[in-house]
Amino acid sequence: MKVIAFAGEPNTGKSSWINKLAKSKLMTGNWGGVTVEKKEALLLWKQIELHLVDLPGVTGFHGQTDEERITETYLQKEHPDCIVMVMDGCHLKSSLRLCIKIRNFQIPMVGLINFKDEADKNGIHIELEKLSRRLSIPVMYGSSFDDEIREEVLDQIIRQSNKQVTYRPLLNPMADRIFEQYARFHPMKQAIELFEEHHADTALDELESAVNSCMRYCTGNLQQCNDKTIKMDTFLLQKGKGVFLCALLSMFYLMLIAGLKLSEGCTFFSEFVFRVLLDVFSSSFPESISLYCEYVLLSGIGTLFGFVPLLFVLHLFHAVIEESGLMARLALLMDHIMRMFHLTGKSFLSFLIAHGCNVPAVIHSTSLENEAIRKKTALLIPFCCCSARFAVLISFVNLIFRKKKMILLLIGYSAGLFVILVLSLCMNWIKNFQVPSQTIIQLPSYRALQWKTLFMKTGYQCLDYIQKIVYVLFLTLSGLWLLMNIEIHGTSLIESFSKSVSFLFAPLGFGKHWIYIASLFPGLIAKEASFGALMMLQSISNASLSSEYSINLSYLIYLMTTVPCIMTLSALKQRYGRAFAVKSGLLSLCISTVFTWMMYQFIILF
Amino acid sequence: MRLSQVRKKGNYEIAQILPSVFTHRLLSFGFTKGNKVAFTGMIVHDYHYVVLEDKLLAVPNAWCTKVVV
Ligand SMILES: Nc1nc2c(ncn2[C@@H]2O[C@H](COP(=O)(O)OP(=O)(O)OP(=O)(O)O)[C@@H](O)[C@H]2O)c(=O)[nH]1
Ligand SMILES: [Mg+2]
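Line by line, the protein sequences give chains A and B. Just so we're aligned, residue 1 is where the first sequence starts under our numbering, counting upward by one. Just so we're aligned, residue 1 is where the second sequence starts under our numbering, counting upward by one.
In isolation and in its complexed conformation, chain B is listed as follows (with noise of 0.2 Å):
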């Protein structure tokens, strides 16, 4: 399932991450294969917002689809 998908509050793990202009921005961040990402249960306009192992984050939806969990 892709992140952007996801409307379910509760804890993912990050299977993949889809190779794009924004692959690099992502991994910084450390979306990376089997971290854990959190779903809030928010969806704030475009943004889903995540908490990333430790991180608060409001990511893209647009972002969001190429991270698969």
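Isolated chain A (complex conformation) (with noise of 0.2 Å):
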């Protein structure tokens, strides 16, 4: 077995590579800080085992950020058996420059030049056999996007992890004869921290020079890399800030009418699909069993069928905003409001994350500024409208309501989003939350949409949600028909434990009908469950839904902002601990109790 670590500048699409590598499906965006701890991929190639480690994106070794310490203690403590340093071709001196500061780690390096289509587009040519001389590594030259070097790469990666290496520093001369007082005595890698401590400013201007030698072999235009992203910020940053913000909440709003015109065709076509289905087989089986069919499969998990569209809808917009470079810049737009309300633009950030699903968004969490703000973040990012809870409000609202769908749809999205700002200003009233001074954003180029990528991202996404319906929600779903089935005095198990904790919703307007209660538990599990469980339910018993505006908006409302799905908690416990876990749970019941409570106060004034 080797184990290769993947390392480079945020950006330079070193989780692409292992994607293309092992076939594997890690989170890549076109923003810097996508990956923010280690994660794995397994390959097996000409019977060798391999094992991909994709680091957080780095811009040097001061250990200033959680990026930097978990991608230097893992190079420094597990001693990988190969590097792959993957560097960016528009933006090579960067790239060269991390690279020089990796060979001192003295692990057998592969140098992997990425972005090789658009390094063309500008006329860019790189001298590879020059540059691996002058860097003593072997580079390769491609994109992630085709498959050209892969098995060039993977046989490389096999060669250089059998060899033991000593990279000696790019010096010149001069300094050459300093640091041979420090090799004759010391192995490599302590020589070469020694050269550095004692001579800071040499190795400085060394290691610029460096850069710059290296830099001979590349040749082209390489500022016109930037030159079209520069011309597009200059409008979208500034004079078009506005078009840029309408033109975001056009998309947003077009997504919403799409979603709600799916809605109605998917619930109908899948209800359609599982009622042919169940016609064509259940007239064989037995009657306890047909009932099942019809209730869990046809009502509960048919209806969760239908969210596989409005689900895709969401993502894809999501994809859109990471792939073209917009992530980045809403970060430096949302920076200045959201410092109004004691966050920072890396919060808004994982906010954005949140709204496609809120584990990753914990993860983003950890890279933020400070363990403050950080902690800030993660106990509001549960308030967030994540796909579930999109796909169960658009559900919801298109089943119940008849007028002004798009206005409530507005209402139930933007709950989280206020609950967020009032909720974050009331933390720093009541401690004082440090927010960070600023940090440097790096902004990427802007790209030319993929359609492939595009629709692989989504795809997989959509996979993963058809996964959780086979795995998770259907095993719930049957969990929730077991508890019906189970009587006591002639009550189903559920509907009297809902019935006995129905004063608790007294004051939200819905503690008279038990469904609603009933259906907010499978909702820990999963938030689409919530709405499975309630078309089960009401398909099962004889109960119907409230025809009641207010009660129906409040359920709405609460849903949106109550406790987080169990995945949620434990990304939180796992990062934050157990404790923090908790604090978070009880906080959103609280306050989406609370909020509910004032809302519909408010609603039934009308």
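Hints in this document: simulated from the structure, not taken from any laboratory. A hint or two may mislead.
Incomplete in silico selection of chain A near chain B, CB under 7 Å [said to hold, decoys possible]:
hint	residue
1	93
2	94
3	208
4	222
5	226
6	237
7	238
8	438
9	440
10	441
Ideal Cβ positions, reconstructed from N, Cα and C, are used throughout, including at glycine.
Combine both chains into one complex, guided by the hints.
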């Protein structure tokens, strides 16, 4: 078994290359800081097992950020068999600076210059052999989007990982003579450390001159790579800021409309398909099984399958923002506004991610600037309307309300956001969460959207959801069905339990409707299950959904802001500890109850 | 002149990095004596939008005061 670490600057395509080599599904996106934790993928190549380790992108090693600490500690302590240094062909200079620093770890290296497609467009030419010789590491040049050099890269990795290496620092003759005094008495790595410690200024100058000497082998109009991006930014971040934000909001609005339309069609279609399947097969089943099929499969799971196209639209919207390069710009533009609420642009990124799924958002929050802002952001993430809540929101609005659907959708969607901003202000009022001074935001180049990448990303997320239906939601609804069938004094267990806690929900308006209460519990496992359960319980029992506007709206707001699913809580526990996860759960429970109560009181006024 | 005082679009050479808590961060991005930094003419709220050699960066104005050009 060989352990291969992928290192490089942020946004150079490390995760994309691992996905290409190992056919894995690591998260990628056109902004720096997508990968903030060590991730792994496995691959068997020519009978050798390869562990590909994806490290967070770094610009140097000064232990200043968590990403730097994770990468440095891994390279130093775990000592992988080979490091694949992924570089950006369009921004080679800064990549080379890091490459020269990573040589100092004295681990066999393979240089992999990515983005050949874009570099070719800009007429960039790299003399690979000369560069390899200068760096004393094999350097390859390609794009993670095509298969051209995949096998060559894997072969080279295996060849290098069998080697023992000592990389001498790239120094001018004068500095080399000074370095020799250390190298004579110490192992290479230690000698370099001593040299850098005692001759810090010389070491810095030498690093720059080594980078410049390597850049001699790269020709073409390097500036051109940035020109288009700067032109677009000049418009989007300045004069066209309003247009930019309006365009995004319109895109979002269109997504909601598409969601609504899809929801109508898909629920109908999925019910139709399940009905036909049931009619064909269930006639031969005993009655209890056909009842189970009717309620759990048709009403519950059938509804949940109807969510797939909805989620596709939402994830596609997210993928477009992520891949185009807009994420970093949004962080920059929103930084100013978020600071008014004692948050930062990077917290806004976490919230944006949370609108897809809360779990990666919790992971992302660990990369924020300081401990206080991390914890604060992590506490607020569960209020975001994740894709599951989004699907429930649209389906519920479609099912219950006849008029003003768009306004209700917007209310449901922004309820969480409103809570986040108000809560953040209140939190600072109680305890002074220190908002960090700004950090450098790296702005990636704008990229033309690749339909293949977009559909692959979106497709994987939909597949994940289908897997979730099969493994998690199916079991959850079956469990609920079981509870529905266990009767005490003529009432089902779930009904009597829901009724016994109904006094808690009475102030929120929906206390009288036990199926609303019962449907909240499966939501702890996955938010989609709430809607599936509601549909299922409604068809099993004779209880019907409320026809009162205020009750339904109150239930909807509660669903949008209440305790997150168990996956989010476990992500919080893993990153911030058990006490924090419990605190977060209790906070969302209390805040959602108070907020829903206030909204309900407000609604019944009209 | 400090980078934060720069208002005119153009290329500047970094003359010095003043010691501060941000020094390491600035260095690792390549803010080093002798390197070139181009100001794009854009100031987005509290950030200077610059091109450092080949990288597009939004650098907090507070940090820019530590970069002498
Ligand atoms: N045009 C082009 N785009 C690429 C290529 N390789 C990766 N990308 C895109 O570059 C972006 C960054 O890729 P990632 O794999 O997320 O980069 P990373 O190095 O893992 O980034 P961090 O995790 O943030 O450190 C994504 O939008 C990819 O789709 C390539 O060869 N050509
Ligand atoms: Mg990555």
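Now for the hints, and whether the structure bears them out:
no.	hint	result
1	93	holds (5 Å)
2	94	holds (5 Å)
3	208	holds (6 Å)
4	222	holds (6 Å)
5	226	holds (6 Å)
6	237	holds (5 Å)
7	238	holds (6 Å)
8	438	holds (4 Å)
9	440	holds (5 Å)
10	441	holds (4 Å)
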